[in-house]
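The listed protein sequences derive, respectively, from chains A and B.
No gaps in the numbering here: position 25 of the first sequence is 1262 in my numbering, and each next residue is one more.
No gaps in the numbering here: position 244 of the second sequence is 248 in my numbering, and each next residue is one more.
Bear in mind the hints are in silico, worked out from the structure with no lab data behind them.
Predicted model, so just to flag it, every value in this text is computed and none were measured.
Note that the Cβ used here is the ideal one computed from N, Cα and C, for glycine as well.
Just to be clear, a hint being listed does not mean it is correct.
Covered by chain A, per the in silico footprint, the following chain B stretches (three or more residues, Cβ under 8 Å) [stated by the list, open to error]: (1) 357-369; (2) 406-418; (3) 421-431.
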Amino acid sequence: MSRAPDPRLVVQAAPFLRSQVSTPRIMGDVLVALAPALAAGVWFFGLSALLVVLAATAACVATDWAFGGRASVRDLSAVVTGVLVGLVLPPSLPLWMAALGGFVAIGLGKAAWGGLGHNLFNPALVGRAFLQAAFPIALTTWVPSQGPLALYRGNFALPFLHASTDAVSSATPLGQMKFLGAATPLADLFWGNVSGSIGETSAAAILLGALYLLARRTFDWRLPAGMLGAAALLAEVVHQVAPARYPGALFTLLSGGLLFGAVYMASDPVTSPLAPRGAWIFAAGAGVLVVLIRFWGGLPEGVMYAILLMNAASPLIDRALQPRRFGARAPRESR
Amino acid sequence: MTLGRTFRHGIHPEEHKEATAGLAIERMPFVERYVLPLAQHTGAPSRPLVEVGERVTRGQTIAEAVGFVSTALHATVDGQVTAIAPRPHPSGKLVPAIEIAADPWSPQRYPAGEAIDPLRLSRESFVAELQLAGLVGLGGAAFPTHVKYRLPEGGRIERLLVNGCECEPFLTSDHRLMLERTADVVRGAEIAAHHLGARQVVFGVEHNKPDAIAALERAVAERPAMRVVALAVKYPQGAEKMLIRAVWGEEVPSGKLPLDLGIVVNNVATMAAIADWFDRRRPLIERVVTVAGPGVRRPANLLVALGTPARAVLEHCGGLAESTREVVMGGPMMGTPLASLDVPIVKGTSGLLAFTDAEAHLPTEYTCIKCGRCVEACPQFLNPSRLGRLARAGRFEEMMGYHALDCVECGSCSFACPSGIPVVQLIRVAKGALRERAAIGTKP
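With the rest of the complex left out, here is chain A (with noise of 0.2 Å):
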């Protein structure tokens, strides 16, 4: 008896059909979704803007390719994580602390807590953070809206030199909202023509990533929501008791970094509780702690440090709250 030979059947566990949606293709919708924050960027603060992000993204894959290979390099997260770390920076920066920026998230942020989805803490923010505690006072060195073609010399700043700081430098909305008592006029900053980090002055185009990502389905819409609702509710409540004192929802909203935090940072699926319950206490608990910070804290900004403070609970959150299993307890809707 003669016939064709079987063909060789692969044998592989059920089921044999699998959604579409895999992790290089969400991480590569975040970088679409990033994409007009980082126009704006180089809009406002030009080539000096670019040139911070490519630093930082250089060294975050270089870094994840040092540690963990190409197969980690794949994922595309560490180029998420390196724009993200580059567009919370001051446009201004010298480039080789852009870089050591994106070296720490990733080396200490990611690799060494066993790489990627191991980590407690945003990686971008870890890296962020470190600058801040080692740079302080570049991190804090604002420069106004030179345009699409500006280069910062401070950019070009050689490592563990005293950095050149530009010749004019200028106070952030929220640093003269606290230190000043000046309120900025809501359309610079929903247009984002103002002084800031690189990706965050701009709500408009945040605004425009958070659709994208939403329409999607990308990230877990509660996350943000959350967080900028809790901001948003808590700070308008404070500015009714005491409005020449303490701004109110809208200012709160559009300045420093709460709106991009709340879409990008703290919509890490990584770092945030997965249950849906959960996902709503770190959001709202890293909203209420942002204000906190800005209202009565000694810093201008807070949202990197509601974020990060909200990692750290974010396993807690998690195992305080399971999802009810089904059947656990029967509801009779209707009969």
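Add chain B to chain A, keeping to what the hints say.
Just chain B, lined up with the frame of chain A:
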């Protein structure tokens, strides 16, 4: 547009039913050789009643039930027993089977016996009849049907839920059966409801089968106790706990059975098989199998005699495409991958699917980023991400704290995972180990 009733969580895989949904059921021609494994159902394997060399006729009982959770097996063709020996089983194991060489001169007609009135039987003899007919759940699990019909002391069944969801992609065998044998499906439900004492019969059908819903609605129009409920298209709608949740909004308590809520769930094909037995005295000797998938040249819904080799069925459907890499018995979510085409169609075979290089590659695996997609997919509201991590670390005992045994193994987590982690397989392996440890008496 109404979305239809449903359960919470779950996934929306592409349906892939268009290739066969419109194809009428056709009879697969008889072949030379049939292999009937003694274990085609959940429970104890049947005991052979025939010997090698003996002539058998189509529908003759060739193996009997051993104990209560077991069932009978029948010759599916006229022919001669050529072997009673281990043969490849769809599970991948060698399992004792009765091999029959078909009589080439027989017309292979089943002489319809004299109908008996099932409504005049006592409950006990009804249950015994179901066992004699070799009936099992035809949705895939192949659990002996009669076991569900013997009620515990004081148990009361108020509702019969007939499962016509067919939520697995590609499969259309139940769809065609509901369309082409509507009267038998309803007749079987009538018989079953009578013996259960059920006052309410619900046919649950996903609304991607509007023609089947319409046909059933016409058939039950005159029966006040019966109604059809259109359900949202979502996987795993056909899992019995999810189906009960969708229809009545009730959750079967963890660790309990539908029976505890006074509900029995049966597949539509099982209902038609009940009608076959009482109205025509035809035991379970054939079933409808959907043959489909990108590797199949001529997809079809075939009425196949049990024991027909998968190879013969695929050849009848034009053979496999060159690029075929994977053949699955059952649906693409919970089916069994075949290592060999020399395994027979058994009572639980709802489909035979062939996938090509394009679909059959193993996904690239990344680490878990705790994105929560598995949590949002799990119809049992478990935390598959955590369970998968614990399973991979071999921390099986800890998995009990995350209710590993509540997992219904629907595979929604693996489907949803963007990192290509075989979550359900990890949990399945751990569950097996946990049961084994419990069985040998160590602390589970």
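Hints the structure fails to honour
As far as the earlier hints go, not one is violated by this structure.
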